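Construct the complete structure from the given sequences, taking the supplied hints into account.
What follows is the residue order along each chain.
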Amino acid sequence: MSVKRFTCIAAALLALCAGPAMAQGKDKVVLLLNWYVYSEHAPFFLGKARGYFEKEGIDLDIQEGRGSGVTVQAVAAGTADFGYADVATMIKAASKGAPVIAVGVALQTSPMSVMGFADKNIRKPADIRGKTVAVTPGDSMSQIWPLFLKKTGLKESDFKTVSGDAQTKLNAVMTGQADLLLGYVMDQAIKLQDATHRKVYPIRFADYGVNMVSSGIIVQKDYLKSKPDLVRRFLRAATRSLEDAAKHPDEAVDAMLAAKPKSGVKDTAVIGMKNTATLYKGPDNPGDRPLRVGAKNMDETLALLVEYGGLDKASAGKATDYYTNAYLP
Amino acid sequence: MHRPLWQRILLSAWVRPVLLVIVLLAVWDLTIRVFRIPPYLIPSPWSVVQQLVAEWPRLLKEAIPTTYATLGGFALSIAFGIPMALVIAYSRTVESFVYPLLVFSQSVPKIAIAPLFVVWFGFGIIPKVIAAFMLGFFPIVVSTVMGFKSVDPDMLDLARSMKASRLATFMRISLPQALPSIFAGLKVSITLAVVGAVVGEFVGSNSGIGYLLQIANGNFDLPLMFAALTVLSAIGVLLFVAIDVVERLLIPWHASQRLDVMATA
Numbered sequence: 045m046s047v048k049r050f051t052c053i054a055a056a057l058l059a060l061c062a063g064p065a066m067a068q069g070k071d072k073v074v075l076l077l078n079w080y081v082y083s084e085h086a087p088f089f090l091g092k093a094r095g096y097f098e099k100e101g102i103d104l105d106i107q108e109g110r111g112s113g114v115t116v117q118a119v120a121a122g123t124a125d126f127g128y129a130d131v132a133t134m135i136k137a138a139s140k141g142a143p144v145i146a147v148g149v150a151l152q153t154s155p156m157s158v159m160g161f162a163d164k165n166i167r168k169p170a171d172i173r174g175k176t177v178a179v180t181p182g183d184s185m186s187q188i189w190p191l192f193l194k195k196t197g198l199k200e201s202d203f204k205t206v207s208g209d210a211q212t213k214l215n216a217v218m219t220g221q222a223d224l225l226l227g228y229v230m231d232q233a234i235k236l237q238d239a240t241h242r243k244v245y246p247i248r249f250a251d252y253g254v255n256m257v258s259s260g261i262i263v264q265k266d267y268l269k270s271k272p273d274l275v276r277r278f279l280r281a282a283t284r285s286l287e288d289a290a291k292h293p294d295e296a297v298d299a300m301l302a303a304k305p306k307s308g309v310k311d312t313a314v315i316g317m318k319n320t321a322t323l324y325k326g327p328d329n330p331g332d333r334p335l336r337v338g339a340k341n342m343d344e345t346l347a348l349l350v351e352y353g354g355l356d357k358a359s360a361g362k363a364t365d366y367y368t369n370a371y372l373p
Numbered sequence: 007m008h009r010p011l012w013q014r015i016l017l018s019a020w021v022r023p024v025l026l027v028i029v030l031l032a033v034w035d036l037t038i039r040v041f042r043i044p045p046y047l048i049p050s051p052w053s054v055v056q057q058l059v060a061e062w063p064r065l066l067k068e069a070i071p072t073t074y075a076t077l078g079g080f081a082l083s084i085a086f087g088i089p090m091a092l093v094i095a096y097s098r099t100v101e102s103f104v105y106p107l108l109v110f111s112q113s114v115p116k117i118a119i120a121p122l123f124v125v126w127f128g129f130g131i132i133p134k135v136i137a138a139f140m141l142g143f144f145p146i147v148v149s150t151v152m153g154f155k156s157v158d159p160d161m162l163d164l165a166r167s168m169k170a171s172r173l174a175t176f177m178r179i180s181l182p183q184a185l186p187s188i189f190a191g192l193k194v195s196i197t198l199a200v201v202g203a204v205v206g207e208f209v210g211s212n213s214g215i216g217y218l219l220q221i222a223n224g225n226f227d228l229p230l231m232f233a234a235l236t237v238l239s240a241i242g243v244l245l246f247v248a249i250d251v252v253e254r255l256l257i258p259w260h261a262s263q264r265l266d267v268m269a270t271a
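Residue numbers (the numbering used here), protein chains in the order written: chain A, 45 to 373; chain B, 7 to 271.
Keep in mind that the hints were calculated from the coordinates and are not lab data. From a predicted model like this one, the values you see are computed outputs, not experimental measurements. Careful, some of the hints might be misleading.
[To be verified] Pairs of lysine to aspartate or glutamate residues, derived as EDC-like cross-links and limited to a Cα-Cα distance of at most 20 Å, are as follows:
| no. | chain 1 | residue 1 | chain 2 | residue 2 |
| --- | --- | --- | --- | --- |
| 1 | A | LYS175 | A | GLU200 |
| 2 | A | LYS243 | A | ASP171 |
| 3 | A | LYS140 | B | GLU61 |
| 4 | A | LYS140 | A | ASP266 |
| 5 | A | LYS194 | A | ASP298 |
| 6 | A | LYS140 | B | ASP35 |
Printed below as a string of structure tokens:
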């Protein structure tokens, strides 16, 4: 009960802060992102700016996150209504008892890649031999990395590894302490380019047979049960937002930069948004609207997590325990 | 006074903290059960113990680099902190120049600049040592300055009147009188140095307890995380006790030590 009580207090405090907004009778919804705002999150800002959420009776408050893991825990504990987080990370937490479920999967092809500056000419897995790779221990990419190595015939001993947090990875590549880092094509690649004005070449895991779903929208199971209509309305607005952002990436980026001026540089953020939108289509359901995920895709993701992601086979269950398309438009 | 054996055991200085730990563990376990706190938010003490046993070799292996970094940072703190404190204590000019800056530097959050240490010094032990030094340095300076400044002026007058040399005055009067304060600073410093070493490991390191904490965190392995924290605290306690022992040997005459002897006798 103490968690619930804490949640109530936290919710009450939030409500106090947002007093005026509550007065209009709209549902106040907190969307906790997986990370500080960058191009991947632009669709939500576009949807908010265009009033899609408002039309559904939702007063959307987009908050920045500190990693998917924290976002999942916050949603599980009820401190945030909706989370935008790595679905693989969510599955791991859910298998440990966190009562969360993915109600829409945004990135259906993995944005994971190993990247370095283009002038270093590291363009295929074999080029990684003898180089230094920067990783963040324990994050989702570092866990799938061994699978990429296996699929491409590389061994850990073929290259040097340095470990550090998210910022250290970027610093290491920028200063030449590392040649490559594990990162998302539309995140770290853009950040490196913005900081150095040098071209970055990502080798995508997905191009070498390593595919799993990535960011998605997650909610607490109780929340879903008690407010199915609100979840439906939220997902209607979110789907429209993603569709619009895919069609008009620069408007999406404009909306994001208007709300969060420090979240990127227009030109490269547009590229990031375009790269993000290419990941909306699932390999087994290319005709579907965004956020709708294919069963095969989810099965494969779960199988990968069991084999490489440290997910316990006994407690893993089946893919349908972790997602539902039932609330999508 | 002859108390029964069980009372003597119960009241001995070593048993008391252990008893408190047991009580706290029981409260922890009970809280989880009563409020049904799920394990992905707080693990049960028993699962932490299990993980502590299962992962013991790994924990021990990762504890070594963290300990090295802590001791390295602590040694640097002493090497820089005590001479600097001496200069500050004996020269008002230096004090007026340096002391405010020192306080200013202490207010800089180390975690914010720690990523730069990795940029400057690479992924080895050096950034960790520097992070430990940054945290451990300040308490040593502050308490050493205080120690030397609170030397009894009458004693110094006495030494002067007896034509003692400056060195003799320092060795016989100032240093012994300052030692208790210095040791107080050292004790605070060593526990902070452990924190500093882990901050360094969080930011960029291929080994150590901080590295293990990151992995545990990424996997929602809270029992392993708490086990690693337990080991970390144990390192802090052991180093603290080591300093305490040195203190007893060096200043057995001091009031704090005498009282302790009486309490345990």
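Verification of the supplied hints:
{"no.": "1", "hint": "A:LYS175 with A:GLU200", "in the structure": "holds, 11 Å"}
{"no.": "2", "hint": "A:LYS243 with A:ASP171", "in the structure": "holds, 17 Å"}
{"no.": "3", "hint": "A:LYS140 with B:GLU61", "in the structure": "holds, 19 Å"}
{"no.": "4", "hint": "A:LYS140 with A:ASP266", "in the structure": "holds, 17 Å"}
{"no.": "5", "hint": "A:LYS194 with A:ASP298", "in the structure": "violated, 41 Å"}
{"no.": "6", "hint": "A:LYS140 with B:ASP35", "in the structure": "holds, 19 Å"}
Hint 5 alone, counting from the list given before, is not met by this structure.
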